[in-house]
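Working from the sequences, and respecting the hints, build out all of it.
Protein chains: 2
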Amino acid sequence: MSTEERITLKHGAGGTAMVELIEEVFAAAYGDANAPRDDSARLDLTGPLAFTTDSFVVDPIFFPGGDIGRLAVAGTVNDLLAVGARPVALSASFIIEEGLPVRDLVTVAQSMAKTAAEAEVRIVTGDTKVVARGSADKVFITTSGVGCVLRDGISGAAAKPGDAIILTGSIGDHGAAVMLAREKLLDTDAISSDTAPLNDIVLSLINAECEIHTMRDPTRGGIGAALNEIAKQSAVGIELEERAIIVKPPVAAACEALGIDPLYVANEGKMLVIVSAADAQRSLDIIRQQRWGAEASIIGRVTSNHPGQVRIRTSIGTTRVVSPPSGELLPRIC
Amino acid sequence: MSTEERITLKHGAGGTAMVELIEEVFAAAYGDANAPRDDSARLDLTGPLAFTTDSFVVDPIFFPGGDIGRLAVAGTVNDLLAVGARPVALSASFIIEEGLPVRDLVTVAQSMAKTAAEAEVRIVTGDTKVVARGSADKVFITTSGVGCVLRDGISGAAAKPGDAIILTGSIGDHGAAVMLAREKLLDTDAISSDTAPLNDIVLSLINAECEIHTMRDPTRGGIGAALNEIAKQSAVGIELEERAIIVKPPVAAACEALGIDPLYVANEGKMLVIVSAADAQRSLDIIRQQRWGAEASIIGRVTSNHPGQVRIRTSIGTTRVVSPPSGELLPRIC
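Just so you know, the sequences run in chain order X and S. Going by my numbering, the first sequence opens with residue 1, and the numbers climb by one from there. Going by my numbering, the second sequence opens with residue 1, and the numbers climb by one from there.
The hints are simulated quantities; they were obtained by calculation from the structure and are not laboratory data. A couple of the hints might just be wrong.
To be verified - Within a straight-line C-alpha distance of at most 20 Å, the following computed EDC-like cross-link-like pairs (lysine to aspartate or glutamate) qualify:
id, chain 1, residue 1, chain 2, residue 2
1, S, 248, S, 295
2, S, 248, S, 189
3, S, 160, S, 104
4, S, 184, S, 256
5, X, 184, X, 137
6, S, 184, S, 32
7, X, 232, S, 261
8, S, 114, S, 32
9, S, 232, X, 23
10, X, 160, X, 279
11, X, 184, X, 104
12, X, 232, S, 189
13, X, 232, S, 32
14, S, 184, S, 152
15, S, 114, S, 104
16, X, 160, X, 209
17, X, 232, S, 209
18, X, 160, X, 241
19, S, 248, S, 261
20, S, 232, X, 24
21, X, 160, X, 239
22, S, 232, X, 20
23, S, 232, X, 32
Unchecked claim - Interface residues of chain S toward chain X, partial, derived using beta-carbon atoms under 10 Å:
id, residue
24, 3
25, 12
26, 81
27, 217
28, 252
Even glycine gets a Cβ: it sits at the ideal position worked out from N, Cα and C.
So, in structure tokens, the structure goes:
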């Protein structure tokens with residue numbers, strides 16, 4: 001098919017037009033030419049396994065620092081890593097709005113292939129649906145992932161008082177980049193999404209046998225939502241140091257202009273890593289040596305005080321509660 | 001949350017409103033109260049595994065004989081069964097249009113729970129996105145599935161000349177039911193979707209060690225598309241007997257009124273089973289004893305003639321080619 005074409009309903013109808021789309025766009029980008037074209041892929045894995053899924057509806061589908069394809073692969077890979085699993089295989093299911101340029105779909109598929117290679121994961125199965133113009137917005141992608149659990153017991157429910165909380169870099173980059181791109185306010189290349197698969201960081205920590213209790217990638221709702229979830233799941237308190245949390249100046253300025261708190265803005269290439277105090281410095285050193293971890297820092301501690309609550313000590317020395325966001329935030333950020 | 005509410009963007013924003021939706025609708029219907037609320041679920045499985053995914057965009061979301069939830073579970077379960085795997089775990093990811101009544105979502109989630117119980121499969125992980133009104137149509141569900149491969153080598157590429165082709169029941173019921181419901185033409189209860197998980201049929205055949213070469217559930221594109229794919233993958237010819245293929249009279253009448261050939265209409269509770277000639281009758285007897293297989297019949301044979309092509313002998317004795325559909329078919333049928 002030509003990249004000058006647009007997607008039509010026939011590309012989702014189960015016939016030769018759909019087969020052509022799958023072979024020439026998806027399989028061409030990331031398929032295995034020798035794999036049988038069956039309803040399910042076969043994987044030779046031994047348990048225990050991790051299994052996760054995420055739908056991506058980001059608007060716009062192309063933004064500084066990434067696109068919906070890179071996001072879909074990195075997001076699912078990071079969810080597997082967060083439970084201490086090595087990502088192995090992904091599925092990718094597309095819901096496409098009639099009229100989407102095939103060229104855009106090719107770009108997205110190639111971005112998925114590139115990101116999957118970066119994350120050393122294979123996209124092994126998929127599905128394609130096409131809906132009439134106005135019944136979806138350009139393209140939605142759902143990726144599911146299967147991984148091998150390398151370390152048991154890493155969970156949002158396993159943080160312990162005394163643990164250190166490491167954040168692998170700055171916050172708010174993804175959310176700010178998408179918001180500004182959507183509003184066509186992005187006249188700077190200073191703001192760019194952080195979308196990335198974090199295999200190096202997580203697998204290095206596991207290889208080094210660092211005593212990790214909890215990991216979570218702070219996506220929708222930002223570190224504010226993620227840390228509140230962990231505080232609740234683990235029935236512990238969390239104390240953050242504002243000055244240890246990096247917000248790049250253009251991101252801080254954008255958040256201020258948009259009236260949003262960067263603590264609640266989505267990240268797509270960051271991990272919160274909660275480790276025993278004894279392993280905190282060693283873990284930090286390992287993370288900083290990795291490609292996406294150079295700016296990692298210890299942003300706070302887990303405490304037995306105020307269980308279920310997240311507090312932050314501001315740069316002027318006062319302390320405030322970081323409430324869980326209720327939800328009136330940025331839509332379609334991921 | 002109240003079932004009188006409607007979904008708003010905050011239900012997809014990663015905050016407390018989203019947690020409430022997940023806990024009170026999805027976890028209440030099919031969740032495991034003891035499972036940790038982490039980014040990935042853990043599964044204790046040993047390989048080889050089957051892995052599959054499907055997005056469901058059916059319109060309307062409720063139709064005679066099923067709904068989008070039952071369809072999403074049965075569709076993914078049947079794709080695992082089709083490669084000879086026992087379905088174990090599903091993920092369920094929702095893209096919801098702002099404004100959807102919570103009541104509808106509860107009904108869909110409960111239908112998924114019921115169908116999952118019928119298929120002896122657990123829904124272990126999920127995701128929820130909400131998009132603005134007009135950016136999606138009510139709700140789209142993507143289910144992925146993991147299963148244990150019980151029998152190796154069952155593939156669309158493994159059909160052999162001489163094999164018998166068994167179809168587990170009538171054709172066109174699902175597509176006709178959805179089309180008529182969409183056009184509000186359904187004033188009869190004589191047409192109803194066949195949506196069902198086919199565990200009993202497939203697992204009984206595997207237990208009985210029937211020599212199955214290929215299985216495929218003929219969904220979008222119907223048996224016409226599925227058999228053409230198999231003919232191509234296996235490089236064999238296929239010869240069908242029209243009189244052995246059951247089309248219920250109201251479905252036949254509906255297809256005629258809509259100007260569509262039932263051979264190309266979607267089924268969601270049927271399986272094509274291609275077995276060695278020696279095991280054909282025994283397999284048919286086993287299928288007919290199962291809940292969804294009472295009307296099974298041998299509808300044709302695999303041949304070494306005309307490889308890649310499907311032919312049908314009509315009831316008046318002539319033979320015509322069943323071409324692969326190009327795609328101008330029924331949109332949003334699954």
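Do the hints match the structure? See the list:
Proximity of residue 248 of chain S to residue 295 of chain S is assessed by CA-CA distance (about 11 Å); at most 20 Å being required, the pair is judged to hold. Taking the CA atoms of residue 248 of chain S and residue 189 of chain S, the gap is about 13 Å. The hint holds against a cut of 20 Å. With a C-alpha separation of about 46 Å, the suggested pairing of residue 160 of chain S with residue 104 of chain S is violated against the 20 Å cut-off. Our distance criterion of 20 Å between C-alpha atoms is met by residue 184 of chain S and residue 256 of chain S, whose separation comes to about 17 Å.
For the given pair, residue 184 of chain X sits about 18 Å from residue 137 of chain X by alpha-carbon distance, which is consistent with the 20 Å threshold. The straight-line distance between the Cα atoms of residue 184 of chain S and residue 32 of chain S is roughly 38 Å, outside the 20 Å bound, and the hint therefore fails. Taking the CA atoms of residue 232 of chain X and residue 261 of chain S, the gap is near 56 Å; set against the 20 Å cutoff, the hint is violated. Restraint check for residue 114 of chain S and residue 32 of chain S: the C-alpha separation of about 14 Å stays at or below 20 Å, so the hint holds.
Distance check on the hinted pair: residue 232 of chain S and residue 23 of chain X sit about 14 Å apart at the alpha-carbon level, within 20 Å; holds. Between residue 160 of chain X and residue 279 of chain X the CA atoms are separated by roughly 13 Å; this keeps the pair inside 20 Å, and the hint holds. For the given pair, residue 184 of chain X sits about 19 Å from residue 104 of chain X by alpha-carbon distance, which is consistent with the 20 Å threshold. With a CA separation close to 50 Å, the supplied pair residue 232 of chain X and residue 189 of chain S exceeds the 20 Å bound.
With a CA separation close to 18 Å, the supplied pair residue 232 of chain X and residue 32 of chain S stays within the 20 Å bound. The suggested pairing of residue 184 of chain S with residue 152 of chain S is violated, with an alpha-carbon distance near 44 Å, which exceeds 20 Å. With a C-alpha separation of about 15 Å, the suggested pairing of residue 114 of chain S with residue 104 of chain S holds against the 20 Å cut-off. Using a Cα cut-off of 20 Å, the hinted pair residue 160 of chain X and residue 209 of chain X holds, with the two alpha carbons roughly 18 Å apart.
Distance hint between residue 232 of chain X and residue 209 of chain S is unfulfilled; the C-alpha atoms sit about 50 Å from each other, more than 20 Å. A C-alpha spacing of about 18 Å is found between residue 160 of chain X and residue 241 of chain X, which places the hinted pair at or below 20 Å, so the restraint holds. Pair hint residue 248 of chain S plus residue 261 of chain S holds up; C-alpha atoms about 13 Å apart against a cutoff of 20 Å. As the CA atoms of residue 232 of chain S and residue 24 of chain X are separated by approximately 17 Å, the hinted pair is consistent with the 20 Å bound.
A hinted pair counts as satisfied when its Cα atoms are at most 20 Å apart, and residue 160 of chain X with residue 239 of chain X qualifies at roughly 13 Å. Distance check on the hinted pair: residue 232 of chain S and residue 20 of chain X sit about 14 Å apart at the alpha-carbon level, within 20 Å; holds. A hinted pair counts as satisfied when its Cα atoms are at most 20 Å apart, and residue 232 of chain S with residue 32 of chain X qualifies at roughly 18 Å. About 19 Å separates the beta-carbon of residue 3 of chain S from the nearest beta-carbon of chain X, more than 10 Å, and the hint is not met.
Interface restraint check for residue 12 of chain S: the shortest CB-CB distance to chain X comes to about 7 Å, inside 10 Å, so the restraint holds. Because the closest C-beta pair between residue 81 of chain S and chain X is about 9 Å apart, less than 10 Å, the hint holds. This hint holds: residue 217 of chain S has a C-beta 7 Å from the nearest C-beta of chain X, less than the 10 Å allowed. The beta carbon of residue 252 of chain S comes no nearer than 21 Å to any beta carbon in chain X, farther than 10 Å, and the hint placing it at the interface is violated.
The earlier numbered hints that this structure contradicts are 3, 6, 7, 12, 14, 17, 24 and 28.
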